[in-house]
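A.B. asks: Sequence:
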Amino acid sequence: MTYHSDFLGLFYKIVSKATRSVDSQKRTVGLWRACEKNEYVSRCVNLPLSVDDKTMATRAFITICCILAPLSAISILLIMFVNENIKKHMALLAKVLAIASAISGIIGVGVGISIVVDTIKISNATMGLSCILAITALALNLAGAVITFFIK
1 MTYHSDFLGL
11 FYKIVSKATR
21 SVDSQKRTVG
31 LWRACEKNEY
41 VSRCVNLPLS
51 VDDKTMATRA
61 FITICCILAP
71 LSAISILLIM
81 FVNENIKKHM
91 ALLAKVLAIA
101 SAISGIIGVG
111 VGISIVVDTI
121 KISNATMGLS
131 CILAITALAL
141 NLAGAVITFF
151 IK
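Read in the UniProt record's numbering, the sequence shown has 79 at position 79, and its numbers run on one by one without any break.
If you are wondering where the hints come from, they were derived from the structure by calculation, not from laboratory data. Keep in mind that the hints are not guaranteed to be accurate.
Straight line, CA to CA, 30 Å or less: simulated DSS-like cross-link-like pairs of lysine-lysine [said to hold, decoys possible]:
(1) Lys-121 x Lys-95
(2) Lys-37 x Lys-121
(3) Lys-152 x Lys-88
(4) Lys-88 x Lys-54
(5) Lys-121 x Lys-54
(6) Lys-95 x Lys-26
(7) Lys-95 x Lys-54
(8) Lys-87 x Lys-152
(9) Lys-152 x Lys-95
(10) Lys-37 x Lys-26
The model shown is predicted, which means the values in this text are computed figures rather than measured ones.
Model the full structure from these sequences, guided by the hints.
C.D. replies: Structure, rendered in structure tokens:
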């Protein structure tokens, strides 16, 4: 269980993050962890499992998106290897998974960026590279959802 939660923590650190620098200290807050770094020491703590509603919603929708997107990709790849009778059902499954993944990604990234914008308004923070990566991943997810409609 520890490996699983550490992996998710590392993975979701990429999703939504705001960075604030004060003097020589740099504070970074993500969905699952908060880190503080100065010239010599870097320290990270896990955020509590129960936090504000926006963070919980972002965690939930991003998790759903990260589960459905690979399932959709796997189902698309499996279409090449199944017989003709099953292809139609597999294509429908791939489309449903891709659309569900895109919708949950839109909601998750939208709410996550909203959290970052709220943080920027309150403090002297900046949007991290992870927000740009999340938007890029969402664009690729949407492109994948559109491409699934070309599967016959």
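A.B. asks: Does Lys-54 sit within 30 Å of Lys-88, going by the straight-line distance between their CA atoms?
C.D. replies: Since the Cα atoms of Lys-88 and Lys-54 sit roughly 38 Å apart, the hinted pair is violated (cutoff 30 Å).
A.B. asks: Please verify whether Lys-87 and Lys-152 have alpha carbons no more than 30 Å apart.
C.D. replies: Between Lys-87 and Lys-152 the Cα gap is close to 8 Å, so the pair holds against 30 Å.
A.B. asks: Is the Cα-Cα distance between Lys-37 and Lys-121 30 Å or less?
C.D. replies: Cα-Cα ~22 Å, so holds.
A.B. asks: So if I understand the rule, the pair passes when the alpha-carbon distance is 30 Å or less; does Lys-152 with Lys-88 pass?
C.D. replies: 7 Å, holds
A.B. asks: Tell me if the straight-line CA distance from Lys-152 to Lys-95 falls inside 30 Å.
C.D. replies: 11 Å, holds
A.B. asks: Assess, step by step, whether the Cα of Lys-37 is no farther than 30 Å from the Cα of Lys-26, and give holds or violated.
C.D. replies: At roughly 5 Å apart (the allowed maximum being 30 Å), Lys-26 and Lys-37 satisfy the hint.
A.B. asks: Next pair to validate is Lys-121 with Lys-95; report whether the Cα-Cα distance is within 30 Å.
C.D. replies: Cα-Cα ~39 Å, so violated.
A.B. asks: Would the hint linking Lys-121 and Lys-54 be met if the CA-CA limit is 30 Å?
C.D. replies: Roughly 16 Å separates the two Cα atoms, so the pair holds.
A.B. asks: Checking one constraint from the list: CA of Lys-95 to CA of Lys-54, max 30 Å. Satisfied?
C.D. replies: Given that 30 Å is the threshold and the Cα spacing comes to 28 Å, the pair holds.
A.B. asks: Checking one constraint from the list: CA of Lys-95 to CA of Lys-26, max 30 Å. Satisfied?
C.D. replies: Cα-Cα ~43 Å, so violated.
Against the hints set out earlier in the document, violations occur for numbers 1, 4 and 6.
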